[in-house]
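Engineer: Using the sequences and the hints, build the whole thing.
In this note's numbering, the protein residues as written are 13 to 392.
Treat the hints with caution; some may be incorrect.
Computed spacing ranges between beta-carbons, pair by pair [as the list claims (entries may be wrong)]: (1) Thr384 / Gln178: 34 to 42 Å; (2) His271 / Gln73: 30 to 38 Å; (3) Thr384 / Ala258: 32 to 40 Å; (4) Phe169 / Gln335: 17 to 25 Å; (5) Gly232 / Ala206: 19 to 27 Å; (6) Lys77 / Ile180: 37 to 45 Å; (7) Pro173 / Asp236: 56 to 64 Å.
Note that these hints are calculated values from the structure, not bench results.
Keep in mind it's a predicted model, so treat the numbers as computed, not measured.
Just so it is clear, CB atoms sit at the ideal spot from N, CA and C, and this is done for glycine as well.
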Amino acid sequence: MNILVLVQEFGQGGAEKVAAMVAQMLQERGSDRVYFYALNRAETIPVLEGVECGSLGIVPQGGIKGKLATYRARFGRLAKLKKEKRIDLTISQLWPVDWISALTGNERKIAVMQINILNNEQNRAMVKLRPLVTYIYRKFDKIVLGSANLVPELTGFFRLPEGNLQVIYNPIDTVLIDRNRAQPLPYRLEDVYAKHRMLVAAHRLAPIKNTEALFPILKGLPKDANLKLLLIGEGEEKERLLRDAAAAGLSTTQCENAHFDPDADIYLLNFQKNIHNLIGRSAAFVFPTKGEGLPLGLLEALYSGAPALVSDCANGGVFEVLQGKGAWTAGRRQPEEASGSLLMPVPSEDNPESIDSWQQQILAVVNADEATKARRSEQG
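Structural biologist: What follows is the structure, given as structure tokens:
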């Protein structure tokens with residue numbers, strides 16, 4: 013069987029990492045020919061043993077005419093790829109890829125859904141276009157969900173048959189994480205970690221991740237706390253985030269650059285195959301996201317040994333990971349310790365109370381005594 017695993021772009025996001033993991037696991041079964049492709053042009057193509065990896069080379073364009081040209085290119089190049097590789101099964105990730113795949117080719121199709129649609133500002137158009145979304149997802153032979161909290165909205169609001177849904181919780185490779193944690197840090201980060209206490213965020217740089225909320229949090233921390241932010245990831249929001257950081261009075265530096273500034277406030281690092289040593293040796297993992305399914309990055313951070321401060325966001329995926337019991341409710345205002353980490357209100361510069369809460373809890377976590385740190389690590 014020829015299997016195509018398809019993503020919009022390669023990167024640090026959980027959906028992309030799960031897709032790569034799926035491609036590798038399918039290849040290791042030995043009976044299939046596996047292809048791992050991105051729709052968008054990629055500066056770096058991942059390397060997976062035994063898997064053909066590539067990109068359709070599409071550069072998304074803006075404006076109505078540009079978007080139409082982008083869609084035409086995606087349909088045309090994907091149809092050609094499926095025909096050339098004689099694809100029998102396509103496994104796609106996320107709506108921008110799912111609907112293109114659903115309308116291209118006659119092979120069997122599986123969609124992998126990681127994040128909620130309802131209560132997600134990034135997916136407002138999908139809510140407005142409910143009949144279209146339902147039509148598209150009814151074309152799939154199976155929809156695999158990364159979290160059980162996605163089932164009610166798909167069977168209720170979108171009226172998809174429950175028999176087409178299957179919950180498979182995101183896996184993590186604990187053997188790989190253990191091996192990665194023992195590796196030296198990349199670039200000049202060994203020296204940085206030796207001098208400063210690091211807060212680490214690792215995610216796709218997209219609006220839903222709410223990365224900009226970390227800037228007022230970091231800016232308001234006392235200087236003598238000696239805390240810096242390492243931001244790992246790539247995405248469409250990067251240039252805007254650089255402007256937002258500068259507007260907040262924070263200096264940034266790119267770890268890969270020759271003119272790296274070891275005294276910057278924020279260190280930026282592009283996609284890394286190994287983030288577990290960076291997280292495991294950090295003072296805390298911070299994730300201010302506005303919406304999640306079952307966050308792979310959080311699972312990896314917990315196993316890497318770092319305490320995590322994470323938004324208790326819609327539609328309860330973070331709550332499901334950390335709390336594991338009870339019903340999720342929206343609108344958290346007070347922090348709550350769970351599984352050695354902290355469920356936090358979604359931070360926003362428009363809500364000073366939320367920023368203050370994050371600052372207080374970060375200081376409490378990084379300044380905790382060794383016994384408390386050991387207990388939290390054990391609980392995670």
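Engineer: Hints the structure violates: just list their numbers, smallest first.
Structural biologist: none
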